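Number of protein chains: 2
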Amino acid sequence: MRLPDDLVHDNESRILFAVLDGLGGTTDPSRGLTELQAARTPVLDALAARSDTGLIVPVLPGITPGSGPGHFALFGYDPEENNIGRGVLEAAGIDFPLQEGDIAIRVNFATVDGEGRIIDRRAGRIPTEECERLCEIVSTAVSIPGVEFFIRPVKEHRAAIVLRAPGEGLEEGVADTDPQVAGAFPLEPVADHPGAEKVALLLREFLIQASGPLAGAGTPAYFPLLRGIAKYRVYPSMRERFGLRALAVATYPMYKGISRLLGMDVHEGARNLEEQLEAVRSGWDDHDFFFLHYKAPDARGEDGDFDAKVAAIEDVDTALTGFLALEPDVVVVTGDHSTPALMGEHSWHSVPVILSSPVARHSGMDRFDEITCARQGTLGTFPARHLMGLVLGHAGRLNKFGA
Amino acid sequence: MRLPDDLVHDNESRILFAVLDGLGGTTDPSRGLTELQAARTPVLDALAARSDTGLIVPVLPGITPGSGPGHFALFGYDPEENNIGRGVLEAAGIDFPLQEGDIAIRVNFATVDGEGRIIDRRAGRIPTEECERLCEIVSTAVSIPGVEFFIRPVKEHRAAIVLRAPGEGLEEGVADTDPQVAGAFPLEPVADHPGAEKVALLLREFLIQASGPLAGAGTPAYFPLLRGIAKYRVYPSMRERFGLRALAVATYPMYKGISRLLGMDVHEGARNLEEQLEAVRSGWDDHDFFFLHYKAPDARGEDGDFDAKVAAIEDVDTALTGFLALEPDVVVVTGDHSTPALMGEHSWHSVPVILSSPVARHSGMDRFDEITCARQGTLGTFPARHLMGLVLGHAGRLNKFGA
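So the protein lines, in turn, are chains A and B. Here our numbering is used: position 377 in the first sequence is 377, and no number is missing along the way. Here our numbering is used: position 269 in the second sequence is 269, and no number is missing along the way.
Derived by calculation from the structure, the hints in this document are not laboratory data. Predicted model, so just to flag it, every value in this text is computed and none were measured. Note that beta-carbon positions come from the ideal geometry of N, C-alpha and C, so glycine has one too. Among these hints, one or two may not hold up.
[Stated by the list, open to error] Here are some of the chain A residues that sit facing chain B, going by a computed Cβ distance under 10 Å:
#1 Ala165
#2 Gln376
#3 Asn399
[Said to hold, decoys possible] Result set (EDC-like, lysine to aspartate or glutamate): computed pairs, CA atoms no more than 20 Å apart in a straight line:
#4 B:Lys295 to B:Glu327
#5 A:Lys400 to B:Asp303
#6 A:Lys400 to B:Asp178
#7 A:Lys231 to A:Asp95
#8 B:Lys198 to B:Glu156
#9 A:Lys400 to B:Glu302
#10 A:Lys400 to B:Glu275
#11 A:Lys400 to A:Asp10
#12 A:Lys231 to A:Asp10
#13 B:Lys155 to B:Glu168
#14 B:Lys400 to B:Asp10
#15 A:Lys231 to A:Glu268
#16 A:Lys231 to A:Glu148
#17 A:Lys400 to B:Glu80
#18 A:Lys400 to B:Glu81
#19 A:Lys400 to B:Glu197
#20 A:Lys400 to B:Glu345
#21 B:Lys155 to B:Glu171
#22 B:Lys295 to B:Asp307
#23 B:Lys198 to B:Glu168
#24 B:Lys400 to B:Asp5
#25 A:Lys231 to A:Asp178
#26 A:Lys231 to A:Glu171
#27 B:Lys231 to B:Asp178
Pulled out of the complex, with its shape left as it was, chain A reads as follows:
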């Protein structure tokens, strides 16, 4: 028996699952406060007081997750067992119809000099239209017998490649070709185990075929850097596992991609919290689970801008009122990981979580922040992958286990 999957039954409950990306922070020594401690959050504070609260550990103590593992864990997928590659996330993010066994690759178009040395790893962040043109050039130029080859623009200098050859046993395990610094030559695609030799060979062939036409496509010459080379496998959907008709309302492609990989319906077009609220409202009757993704705390944390992250948190605090007015039965507010402004990057720090339902224990806590969740939380500190079990329990969607 698999828990909680094998205990799931359906009901009429609605679950709002708000992921404030990079929500957690750490103490800025000059202020003696985390971003959440510094933020004025009357809505979250009041919600936390009448909710179960605690801290979640995204993967394992000390382990900093990327967005993939961070979200997979939140949605109840073991992030170690389901470590999804960046290439797959990129392809899913643009809604490319991936098939089991596809090799997906994230591409940066770089500019290179006459000898092939990298001038700009991002080609000056060319407009997306220019990226579309480059993808067409590559698409026309490249032909590899026995392999279907797709290249699609993503945004600015970024694109996605998919290799498809059912039955050919394509395997991931080819290192990035991006040397990470300007002035260096792109690396060769090299397999890190024998099973990945075929993919490495195909990518070397691809680079040979594409490099000429791309060199002629601009001045200076363009050249594709390959990253996050990963094999796609089908994950059991949230519908299959938990019986949930899930709607994702995110503004960034990557989070839409993650949602698609887990079988969620994905709303398109919402650009801000106001439009996201409208999208949730529109989907209310046809869905049980609403994944609201809010990017700003992570983005401002990565900028290293403490005050801007505080402001981003205060903004969503205000906006949450509209979502709560929909009267979801269960409300989760948390993050996929911490992004302390002090560090300017993702971190491993545990993430505060609010779990509200008609049968939640009332923490009675006076503020919603990392330190108060540790001191006054009712749920303790626990692995993020167990959050979905709690959510389903609070939603009344789980049968009793055992006699």
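Assemble the complex: chain A is given as a structure, and chain B must be docked to it using the hints.
Same frame as chain A, now just chain B:
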């Protein structure tokens, strides 16, 4: 090496392990309190202040356990690996001498109309004497070549069946035949995998042989509904695993059954806490571990009666004084799961735990309840199956692990 089992040594310590069934609750929004918060519990409060305290998660976050998994976890048996069937619990509860491989089944005698439709799934809760008569009728009527067949009365309309056919490979995996509603026909015994076909076939044959005599045994006719069809396997006893001579002092058959399955001695006859105290006192010299089971908080919680659950907790608080006067070296007070009156059923909510010993840390907490355990507990929130390790450690019964 298996922990803690392989580190166990014997000593003279006495462990009182008090399970207040369904102890945990959740916040009643109209009161802003849980049952434990509302209860006046001076004995538990004082004990908690000078004890280690915390919260235990019965199975996994969000998973609501039945009594079997709840108790198995408390006694250090992984509840997922040892998910015991209801039929086995029922048979063990009446002290039926189960053997490895037996198929045990819980029976409800229902009443049916002339066409076989169920009138009352509990046959009006017939007296136990009537159930004994029906079991004798069935026992005489049923004969299946190659299979030993036992049917025993339990209480009122409830009975237990055991099928025994060593070497015949009887397997569990036959669905309940109880349609759960009056007005419906009983279901056929259907195997949910090929290995269980033989048991399904035997049970269909049993129903054919039993139905005639049972129809003639009363007006309206009786018919047996089969539930919790489960295979018995022998569990390593608490004596084998932990070296403990355990005495169970419970008033309800099911908890005696669980205790027998784990090799405890089972006291018979105690009907209330006073008699349970006397039973513990009588067994003091010959046992190391005293499982005291107190049913009332669960029963009142299932009634949805907040005030009655509060009263049940206050009653046991007073009664605990007598048990503490025996001066056990280690005292545990906890529950097998939560039964919030707000929900009127078992729940997944974590359960407060007190662990008292001469070497416990003193939490210094001011009250014993769910919220205070979360805020001021010394043990944090942890899986219930790890509690026995702590108990054995505090009892001085574990060797050091490693050099």
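Going through the hints against the structure:
no.	hint	result
1	Ala165	violated (37 Å)
2	Gln376	holds (5 Å)
3	Asn399	holds (8 Å)
4	B:Lys295 to B:Glu327	violated (23 Å)
5	A:Lys400 to B:Asp303	holds (17 Å)
6	A:Lys400 to B:Asp178	holds (17 Å)
7	A:Lys231 to A:Asp95	holds (16 Å)
8	B:Lys198 to B:Glu156	violated (30 Å)
9	A:Lys400 to B:Glu302	holds (14 Å)
10	A:Lys400 to B:Glu275	violated (32 Å)
11	A:Lys400 to A:Asp10	holds (14 Å)
12	A:Lys231 to A:Asp10	violated (33 Å)
13	B:Lys155 to B:Glu168	violated (31 Å)
14	B:Lys400 to B:Asp10	holds (14 Å)
15	A:Lys231 to A:Glu268	violated (26 Å)
16	A:Lys231 to A:Glu148	holds (15 Å)
17	A:Lys400 to B:Glu80	holds (13 Å)
18	A:Lys400 to B:Glu81	holds (16 Å)
19	A:Lys400 to B:Glu197	violated (26 Å)
20	A:Lys400 to B:Glu345	holds (10 Å)
21	B:Lys155 to B:Glu171	violated (27 Å)
22	B:Lys295 to B:Asp307	holds (16 Å)
23	B:Lys198 to B:Glu168	holds (9 Å)
24	B:Lys400 to B:Asp5	holds (12 Å)
25	A:Lys231 to A:Asp178	holds (19 Å)
26	A:Lys231 to A:Glu171	holds (6 Å)
27	B:Lys231 to B:Asp178	holds (19 Å)
Hint check: violations occur at hints 1, 4, 8, 10, 12, 13, 15, 19, 21; the rest are consistent with the structure.
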